[in-house]
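Participant: Put together the whole structure using the sequences plus the hints.
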Amino acid sequence: MANAKLQTGRPLSPHLQIYRPMLTMMMSIAHRITGAALYFGTLALAWWLIAAATGPEYFNFVNGLAGTLIGKLLLFGYTWALIHHMIGGIRHFIWDTGRGFDLSVVEFMARASLAASLGLTVLIWAIALIAPGGL
Amino acid sequence: MADMRTPLNKVRGLGSAKEGADHFWRQRVSALANIPLTLFLVATIALLAGKDHAQVAAYLGSPLAAIAMLALIVSATVHMRLGMQVIIEDYVNGEGAKILTLVANTFFTIMVGLACVYAIIKLSLGS
Numbered sequence: 808m809a810n811a812k813l814q815t816g817r818p819l820s821p822h823l824q825i826y827r828p829m830l831t832m833m834m835s836i837a838h839r840i841t842g843a844a845l846y847f848g849t850l851a852l853a854w855w856l857i858a859a860a861t862g863p864e865y866f867n868f869v870n871g872l873a874g875t876l877i878g879k880l881l882l883f884g885y886t887w888a889l890i891h892h893m894i895g896g897i898r899h900f901i902w903d904t905g906r907g908f909d910l911s912v913v914e915f916m917a918r919a920s921l922a923a924s925l926g927l928t929v930l931i932w933a934i935a936l937i938a939p940g941g942l
Numbered sequence: 349m350a351d352m353r354t355p356l357n358k359v360r361g362l363g364s365a366k367e368g369a370d371h372f373w374r375q376r377v378s379a380l381a382n383i384p385l386t387l388f389l390v391a392t393i394a395l396l397a398g399k400d401h402a403q404v405a406a407y408l409g410s411p412l413a414a415i416a417m418l419a420l421i422v423s424a425t426v427h428m429r430l431g432m433q434v435i436i437e438d439y440v441n442g443e444g445a446k447i448l449t450l451v452a453n454t455f456f457t458i459m460v461g462l463a464c465v466y467a468i469i470k471l472s473l474g475s
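Protein chains in written order, with our numbering: chain A, 808 to 942; chain B, 349 to 475.
None of these hints come from the bench; they were simulated from the model. Don't take every hint at face value.
Computed cross-link-like contacts, SDA-like style, restricted to lysine to any residue with a CA-CA straight-line distance of at most 25 Å [as the list claims (entries may be wrong)]:
1. A:879 to B:391
2. B:399 to A:835
3. B:470 to A:869
4. B:399 to A:877
5. B:470 to A:865
6. A:879 to B:392
7. B:399 to A:872
8. A:879 to B:358
9. B:358 to A:819
10. B:399 to A:819
11. B:366 to A:902
12. B:358 to A:872
13. A:879 to B:393
14. A:879 to B:400
15. B:399 to A:937
16. A:879 to B:366
17. B:399 to A:866
18. B:399 to A:828
19. B:470 to A:850
20. B:446 to A:915
21. A:879 to B:394
22. A:879 to B:463
23. B:446 to A:835
24. B:399 to A:865
25. B:446 to A:850
26. B:399 to A:927
27. B:399 to A:929
28. A:879 to B:396
29. A:879 to B:385
30. A:879 to B:398
31. B:446 to B:395
32. B:470 to A:853
33. A:879 to B:388
34. A:879 to B:395
Beta-carbon label-pair distances, calculated as ranges [claimed, not checked]:
35. A:919 to B:376: 17 to 27 Å
36. B:410 to A:864: 15 to 25 Å
37. A:906 to B:466: 36 to 46 Å
38. A:897 to B:419: 18 to 28 Å
39. A:909 to B:410: 20 to 30 Å
40. B:359 to A:818: 15 to 25 Å
All residues carry an ideal CB built from backbone N, CA and C; glycine is no exception.
Facilitator: What follows is the structure, encoded as structure tokens:
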């Protein structure tokens, strides 16, 4: 159907801009955006691994970039995207079993997963920064 | 002359591509594998942040960390390819552009995966 030319002039279903933004809708969009961001974020992981395999000099250069304010923000965003996409995936696993489709449950899971992803990311970085020899 | 057949009528009887269930299944299996492996990656990133080269190389080259990293890379790149395939099929409309981006997706995920695997193996075998 994706390639069918719709020439009959019949009404199409309304798209995103027609609807009032809702949390569940934003979470769905966030799941796709974090997925796409992680897709390209893997380039950074590959870069970092290659740098480690290349030698101390090049590794220090890449690690230095990661240690800048922008680098730290990107790293923080990367870990949040990882955790958020993972928790979103767990939500999908629950739905796969046919459970959790009541509106109240859907709304609760949306709030809970957002809170959990933000909380866990902050917690992980707090531990990493406080731990001896951290950043 | 106007075509009076509806889009549904045009595709009815052609059958499905018969690959939907396989795609769904591979996406879920890789997603399941990604849960513990992602937690491992996040822990690794947090653990190694600010460490010097010798410490990072020793950690990534140790058998357990290296095997977990290799598993993560394989599972994540398979999952990435499936996920981006869906995004491309949703948003890229022209048939030629769609095929090109789908092939680019395959090449990109394989190359990123191979680059990571190469680095891990090099670190493991000592350099």
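Participant: Please go over all the hints and tell whether each is borne out by the structure.
Facilitator: The hints, checked one at a time:
For the proposed pair residue 879 (chain A) and residue 391 (chain B), the alpha carbon gap of about 16 Å is at most 25 Å, so the pair holds. For the proposed pair residue 399 (chain B) and residue 835 (chain A), the alpha carbon gap of about 36 Å is over 25 Å, so the pair is violated. Taking the CA atoms of residue 470 (chain B) and residue 869 (chain A), the gap is near 18 Å; set against the 25 Å cutoff, the hint holds. In summary, the hint linking residue 399 (chain B) to residue 877 (chain A) is supported, as the alpha carbons are separated by about 18 Å, within the 25 Å threshold.
Distance check on the hinted pair: residue 470 (chain B) and residue 865 (chain A) sit about 15 Å apart at the alpha-carbon level, within 25 Å; holds. Annotation: proposed proximity of residue 879 (chain A) to residue 392 (chain B) holds, straight-line Cα distance about 15 Å (limit 25 Å). For the proposed pair residue 399 (chain B) and residue 872 (chain A), the alpha carbon gap of about 14 Å is at most 25 Å, so the pair holds. Simply put, residue 879 (chain A) and residue 358 (chain B) have alpha-carbon atoms about 53 Å apart, too far for the 25 Å limit, and the pair is violated.
Distance hint between residue 358 (chain B) and residue 819 (chain A) is fulfilled; the C-alpha atoms sit about 18 Å from each other, no more than 25 Å. Pair hint residue 399 (chain B) plus residue 819 (chain A) does not hold up; C-alpha atoms about 55 Å apart against a cutoff of 25 Å. Under the criterion of a C-alpha separation no larger than 25 Å, the hint pairing residue 366 (chain B) with residue 902 (chain A) is consistent with the structure, at around 23 Å. Between residue 358 (chain B) and residue 872 (chain A) the CA atoms are separated by roughly 55 Å; this puts the pair beyond 25 Å, and the hint is violated.
For the given pair, residue 879 (chain A) sits about 11 Å from residue 393 (chain B) by alpha-carbon distance, which is consistent with the 25 Å threshold. Note on residue 879 (chain A) and residue 400 (chain B): the hinted pairing holds, with a Cα-Cα distance of about 16 Å set against a maximum of 25 Å. Using a Cα cut-off of 25 Å, the hinted pair residue 399 (chain B) and residue 937 (chain A) holds, with the two alpha carbons roughly 14 Å apart. A C-alpha spacing of about 45 Å is found between residue 879 (chain A) and residue 366 (chain B), which places the hinted pair above 25 Å, so the restraint is violated.
In summary, the hint linking residue 399 (chain B) to residue 866 (chain A) is supported, as the alpha carbons are separated by about 11 Å, within the 25 Å threshold. The hinted pair formed by residue 399 (chain B) and residue 828 (chain A) fails the criterion: a straight-line CA distance of about 43 Å is larger than 25 Å. For the given pair, residue 470 (chain B) sits about 18 Å from residue 850 (chain A) by alpha-carbon distance, which is consistent with the 25 Å threshold. Distance restraint check for residue 446 (chain B) and residue 915 (chain A): the Cα-Cα separation of roughly 37 Å exceeds the 25 Å cut-off, and the hinted pair is therefore not satisfied.
Proposed proximity of residue 879 (chain A) and residue 394 (chain B) is supported: the alpha carbons are some 11 Å apart, at most 25 Å. Note on residue 879 (chain A) and residue 463 (chain B): the hinted pairing holds, with a Cα-Cα distance of about 23 Å set against a maximum of 25 Å. Using a Cα cut-off of 25 Å, the hinted pair residue 446 (chain B) and residue 835 (chain A) holds, with the two alpha carbons roughly 23 Å apart. About 14 Å separates the Cα atoms of residue 399 (chain B) and residue 865 (chain A), which keeps this hinted pair within 25 Å; it holds.
Of the pairs offered as hints, the one joining residue 446 (chain B) and residue 850 (chain A) holds, with about 23 Å between alpha carbons and a cut-off of 25 Å not exceeded. Of the supplied pair hints, the one linking residue 399 (chain B) and residue 927 (chain A) holds, its CA atoms being roughly 22 Å apart against a limit of 25 Å. In summary, the hint linking residue 399 (chain B) to residue 929 (chain A) is supported, as the alpha carbons are separated by about 20 Å, within the 25 Å threshold. A C-alpha spacing of about 13 Å is found between residue 879 (chain A) and residue 396 (chain B), which places the hinted pair at or below 25 Å, so the restraint holds.
Pair hint residue 879 (chain A) plus residue 385 (chain B) holds up; C-alpha atoms about 22 Å apart against a cutoff of 25 Å. A distance of roughly 11 Å separates the Cα atoms of residue 879 (chain A) and residue 398 (chain B); the hinted pair therefore holds under the 25 Å criterion. Of the supplied pair hints, the one linking residue 446 (chain B) and residue 395 (chain B) is violated, its CA atoms being roughly 40 Å apart against a limit of 25 Å. Taking the CA atoms of residue 470 (chain B) and residue 853 (chain A), the gap is about 13 Å. The hint holds against a cut of 25 Å.
This hinted pair checks out: residue 879 (chain A) and residue 388 (chain B) have alpha carbons roughly 19 Å apart, not beyond 25 Å. Among the hinted pairs, residue 879 (chain A) with residue 395 (chain B) is consistent with the structure: their alpha-carbon atoms are about 14 Å apart, no more than 25 Å. A C-beta distance of roughly 21 Å is found between residue 919 (chain A) and residue 376 (chain B), which places it inside the suggested range of 17 to 27 Å. Restraint check, residue 410 (chain B) to residue 864 (chain A): a C-beta distance of roughly 23 Å satisfies the suggested window 15 to 25 Å.
For the pair residue 906 (chain A) and residue 466 (chain B), the supplied restraint of 36 to 46 Å holds, since their beta-carbon distance comes to about 42 Å. Remark: the range hint 18 to 28 Å for residue 897 (chain A) to residue 419 (chain B) is upheld by a beta-carbon distance near 19 Å. Distance hint check for residue 909 (chain A) and residue 410 (chain B): the Cβ-Cβ separation is about 47 Å, which falls outside the suggested range of 20 to 30 Å. Between residue 359 (chain B) and residue 818 (chain A) the CB atoms are about 20 Å apart, so this pair conforms to the stated range of 15 to 25 Å.
Of the numbered hints stated above, those contradicted by the structure are hints 2, 8, 10, 12, 16, 18, 20, 31 and 39, listed in ascending order.
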